[in-house]
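Colleague: This is what each chain is made of:
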Amino acid sequence: MNTLLAICVGVLYSAAIYLILRRSIVKLVIGLVLLSNASNLLIFTASGLTREAPPLIPEGESMPAIVADPLAQALILTAIVIGFGVLAFAVVLIRRAYEVVEADDMDQMKGTDT
Amino acid sequence: MKPVPEHSLILRVTGLFILPLLILFSLFLLLRGHNEPGGGFIAGLVAASAVALHMFFTSVEAARRMIAVDPRDLIGWGLLIAIASGLAPILSGRPFMEARWIEMTVPAFGLVKAGTPLLFDLGVYLVVTGTVLAILFSLAEDDVQ
Amino acid sequence: MSTNTLIVLPLLIPLLAAALCLASWRSVLAQRLISLVAVLGLLAAAVALVHGIWQDGIAVLHLGNWKAPYGIVVVADLLGAIMVLLAAITATAIALYSLGSLERAPEQFGYYPLMHLLIAGVCGAFLTGDIFNLYVWFEVMLVASFALLILGGERAQMEGAIKYVTLNLVSSALFLAAIGLLYGLTGTLNMADLAVKLADHQDNPMVEVVAGLFLVAFGIKAGVFPLFFWLPASYHTPRIAVSSLFAGLLTKVGVYALFRTFSLMFPLDEFVLRPVLLAMAGATMLVGVLGAAAQFEFRRILSFHIISQIGYMVMALALFTPLALIGGIFYIIHHIIVKSNLFLVAGLTYRLGGSYELKALGGLYKRAPWLAVVFLIPAFSLAGLPPLSGFFGKFILIRAGVDAGSWALVTVALIVGLLTLYSMTKIWAEVFWKPAPSEADPGVPPPGSLMILPVAMLCVLTVAIGIGAEPVYRLSERTAAQLLDPSGYINAVLGDQP
Numbered sequence: 001m002n003t004l005l006a007i008c009v010g011v012l013y014s015a016a017i018y019l020i021l022r023r024s025i026v027k028l029v030i031g032l033v034l035l036s037n038a039s040n041l042l043i044f045t046a047s048g049l050t051r052e053a054p055p056l057i058p059e060g061e062s063m064p065a066i067v068a069d070p071l072a073q074a075l076i077l078t079a080i081v082i083g084f085g086v087l088a089f090a091v092v093l094i095r096r097a098y099e100v101v102e103a104d105d106m107d108q109m110k111g112t113d114t
Numbered sequence: 001m002k003p004v005p006e007h008s009l010i011l012r013v014t015g016l017f018i019l020p021l022l023i024l025f026s027l028f029l030l031l032r033g034h035n036e037p038g039g040g041f042i043a044g045l046v047a048a049s050a051v052a053l054h055m056f057f058t059s060v061e062a063a064r065r066m067i068a069v070d071p072r073d074l075i076g077w078g079l080l081i082a083i084a085s086g087l088a089p090i091l092s093g094r095p096f097m098e099a100r101w102i103e104m105t106v107p108a109f110g111l112v113k114a115g116t117p118l119l120f121d122l123g124v125y126l127v128v129t130g131t132v133l134a135i136l137f138s139l140a141e142d143d144v145q
Numbered sequence: 001m002s003t004n005t006l007i008v009l010p011l012l013i014p015l016l017a018a019a020l021c022l023a024s025w026r027s028v029l030a031q032r033l034i035s036l037v038a039v040l041g042l043l044a045a046a047v048a049l050v051h052g053i054w055q056d057g058i059a060v061l062h063l064g065n066w067k068a069p070y071g072i073v074v075v076a077d078l079l080g081a082i083m084v085l086l087a088a089i090t091a092t093a094i095a096l097y098s099l100g101s102l103e104r105a106p107e108q109f110g111y112y113p114l115m116h117l118l119i120a121g122v123c124g125a126f127l128t129g130d131i132f133n134l135y136v137w138f139e140v141m142l143v144a145s146f147a148l149l150i151l152g153g154e155r156a157q158m159e160g161a162i163k164y165v166t167l168n169l170v171s172s173a174l175f176l177a178a179i180g181l182l183y184g185l186t187g188t189l190n191m192a193d194l195a196v197k198l199a200d201h202q203d204n205p206m207v208e209v210v211a212g213l214f215l216v217a218f219g220i221k222a223g224v225f226p227l228f229f230w231l232p233a234s235y236h237t238p239r240i241a242v243s244s245l246f247a248g249l250l251t252k253v254g255v256y257a258l259f260r261t262f263s264l265m266f267p268l269d270e271f272v273l274r275p276v277l278l279a280m281a282g283a284t285m286l287v288g289v290l291g292a293a294a295q296f297e298f299r300r301i302l303s304f305h306i307i308s309q310i311g312y313m314v315m316a317l318a319l320f321t322p323l324a325l326i327g328g329i330f331y332i333i334h335h336i337i338v339k340s341n342l343f344l345v346a347g348l349t350y351r352l353g354g355s356y357e358l359k360a361l362g363g364l365y366k367r368a369p370w371l372a373v374v375f376l377i378p379a380f381s382l383a384g385l386p387p388l389s390g391f392f393g394k395f396i397l398i399r400a401g402v403d404a405g406s407w408a409l410v411t412v413a414l415i416v417g418l419l420t421l422y423s424m425t426k427i428w429a430e431v432f433w434k435p436a437p438s439e440a441d442p443g444v445p446p447p448g449s450l451m452i453l454p455v456a457m458l459c460v461l462t463v464a465i466g467i468g469a470e471p472v473y474r475l476s477e478r479t480a481a482q483l484l485d486p487s488g489y490i491n492a493v494l495g496d497q498p
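Residue numbers (the working numbering), protein chains in the order written: chain V, 1 to 114; chain Y, 1 to 145; chain G, 1 to 498.
Keep in mind that the hints are not guaranteed to be accurate.
[Unchecked claim] Only some residues are given here: those of chain G computed to face chain V with a beta carbon under 7 Å:
(1) Phe146
(2) Glu159
(3) Ala161
(4) Tyr183
[As the list claims (entries may be wrong)] In silico lysine to any residue, SDA-like type, Cα no more than 25 Å apart, as pairs:
(5) Lys67(G) / Ala84(Y)
(6) Lys163(G) / Gly85(V)
(7) Lys163(G) / Val33(V)
(8) Lys110(V) / Thr166(G)
(9) Lys110(V) / Glu154(G)
(10) Lys110(V) / Ala147(G)
(11) Lys67(G) / Leu118(Y)
(12) Lys163(G) / Ser14(V)
(13) Lys197(G) / Pro70(V)
(14) Lys67(G) / Leu71(V)
(15) Lys163(G) / Tyr13(V)
(16) Lys426(G) / Leu352(G)
(17) Lys426(G) / Thr411(G)
It is worth saying that the hints were derived from the structure and are not from the lab.
Glycine included, every Cβ here is placed at the ideal spot set by N, Cα and C.
Produce the entire structure from the sequences given, and follow the hints as far as they go.
Modeller: Below you can see the structure in the form of structure tokens.
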């Protein structure tokens, strides 16, 4: 399972980098989405996988021997929430940029570079 | 949103039925959040998606009228409530953000536990709903122009 | 109020101000009042915090009373407290400047709440003791800065913002990946606890990978060579108050994160990445200043100088001797004040001359001799002329470089100092000395007293740091000692455990 997830992370990262390097701004944003998801999956894999119970223990019971690590899940959840906010902003931004520049092309956006 | 009077009948009818259910569901998620899966963020998303659904089968103006308050107010007040929940324990001399609970017995309802984490969740709920709606409305209103 | 409670104030005041400004979005007047009260309150809290830490040592607050390393802690050591104080000074100056300079539109579209949110993110990043929390504050700061950057919606702003957003999101993703790997390695996120646990993993090559990821992630945020390209592409596009806020604070959060991680978690003494950091420092200084020499737009020259100055700070970190760190901290104190001020001066110049292009400006010495004075003070300080604040920062750093035998780096630092002076004299000659290219009216209202006041304040502060360098030096000395011996930090956070 670890190997499979590791391969998934790798594929996500490479797809993300490929998309970020494209000229199209829409693809750029999709690439950023993939990049943040790849990082989330990486945290999930790196913090150890278990097949056992979820980290919710009913009142009055003691902790079972193996439970999934709740902290890693909390991290991912927070990262997803933040990613959601940032990407919502990015979508608004590319829309506005498209209205101003009238092209979905990074090459048309070199006005501030030199 | 462009004037599209020919919204699908099915969408409009189901929308009308689903809207109150979604709002109720979001409140349910909000209230159970502390001890079980749920919470302010996810509840806020559900509430926002309910309003978004309403926006799809009517119009932006109708959706704005329906929620009656401006999304920016929601963000501001939500943030204030969340901060207040962190400040409450300081007033009684405890560290910042420590959870404080009040237990009370409500007639015909049983034991109710209310506390600062719930207040915090309520703040998050309002902030999330407000933010999502502010973004959605501004994008949808662009389409009109 | 005890210092331990005091350390939430720098987080709470801007957050509360942001919430209040949002809740009263209908009234610009209310937002202005709230902003003014909030920045002054923040300034007072920051002064009290530095004073408290100086007296009583490192302060720690366990949020929600959950003890470290399980709960989230807010920690203020001298470095964190000084950075908060600098943020508060910058925020005060910029809030005053904004009150005097902004048009109605940005004020109505959320400038004030965003500004406070940005300050909250910056202060949070300086004070948190938890690496994941650092990520969260970084993102708070970034989201606010994204929105501030495009406030106004001109084409240049959009183009700049797309580059800024992309590179910063890549940096965040790398930071997040590094946190994930670090957590997998050690099972903790508390920075003090990480410092303890990482000491047991010294031979693990994974530690170097994680440190490398942190270096790239923070390097992008700090604008270090070869990762700085987003900075000169975007910093000159927004309103001048926003540019100044960014110039003073944002890259410095990246620098702070580098200082924190590479003194506490990955002490640089014998670390493999040290030569990399040294090379980056030299290249950053040189490329930044050369970029500035090639520019003829006021704000772009200043943007490139930010990069070259970041090089000095990274040099201090890379040398990692006590003297170098003292110099680095002195330099950060000097730089934040001077750099924000120079951007504000550029704003005043625009109001008088109607342009940011050096070619279109001229004759300002005749028209406004006071502006020439307030330009020369920060400009000469930036170039490092005595007795201004920049001289001592550079002097200590170069002395530390000589002591460490890094002759190449010392040579670069000296050359860059000269080139900085060249850049500043270029601006002087073009903007103030040469006759005005046209007698036409600039077409913008002249600056009001609320815009001049903060510039004058920062000038006085620059001179004061130069003349009263001794106390600042002692402050930096103790800060550097805390950085070099992290055991004090670790004990303060974790308690005196076996």
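Colleague: Each hint: holds or not?
Modeller: Structure-based check of all given hints:
Because the beta carbon of Phe146(G) sits about 5 Å from the nearest beta carbon in chain V, less than 7 Å, this interface hint is met. Checking Glu159(G) against chain V by beta carbon gives a least distance of about 4 Å; that is within 7 Å, so the hint holds. At a threshold of 7 Å, the smallest CB-CB gap from Ala161(G) to chain V is about 6 Å, leaving the interface hint in force. Interface hint status for Tyr183(G): upheld, as the beta-carbon distance to the closest one in chain V is roughly 5 Å, under 7 Å.
Proximity of Lys67(G) to Ala84(Y) is assessed by CA-CA distance (about 22 Å); at most 25 Å being required, the pair is judged to hold. For the proposed pair Lys163(G) and Gly85(V), the alpha carbon gap of about 18 Å is at most 25 Å, so the pair holds. About 16 Å separates the Cα atoms of Lys163(G) and Val33(V), which keeps this hinted pair within 25 Å; it holds. Between Lys110(V) and Thr166(G), the direct Cα distance comes to roughly 15 Å. Compliance with the 25 Å bound is thereby established for this hinted pair.
The straight-line distance between the Cα atoms of Lys110(V) and Glu154(G) is roughly 14 Å, inside the 25 Å bound, and the hint therefore holds. Distance restraint check for Lys110(V) and Ala147(G): the Cα-Cα separation of roughly 21 Å lies within the 25 Å cut-off, and the hinted pair is therefore satisfied. Distance check on the hinted pair: Lys67(G) and Leu118(Y) sit about 22 Å apart at the alpha-carbon level, within 25 Å; holds. Among the hinted pairs, Lys163(G) with Ser14(V) is consistent with the structure: their alpha-carbon atoms are about 20 Å apart, no more than 25 Å.
Pair hint Lys197(G) plus Pro70(V) holds up; C-alpha atoms about 20 Å apart against a cutoff of 25 Å. For the hint pairing Lys67(G) with Leu71(V), the CA-to-CA distance comes to about 15 Å; that is within 25 Å, so the pair holds. The hinted pair formed by Lys163(G) and Tyr13(V) meets the criterion: a straight-line CA distance of about 20 Å does not exceed 25 Å. The hinted pair formed by Lys426(G) and Leu352(G) meets the criterion: a straight-line CA distance of about 19 Å does not exceed 25 Å.
For the given pair, Lys426(G) sits about 23 Å from Thr411(G) by alpha-carbon distance, which is consistent with the 25 Å threshold.
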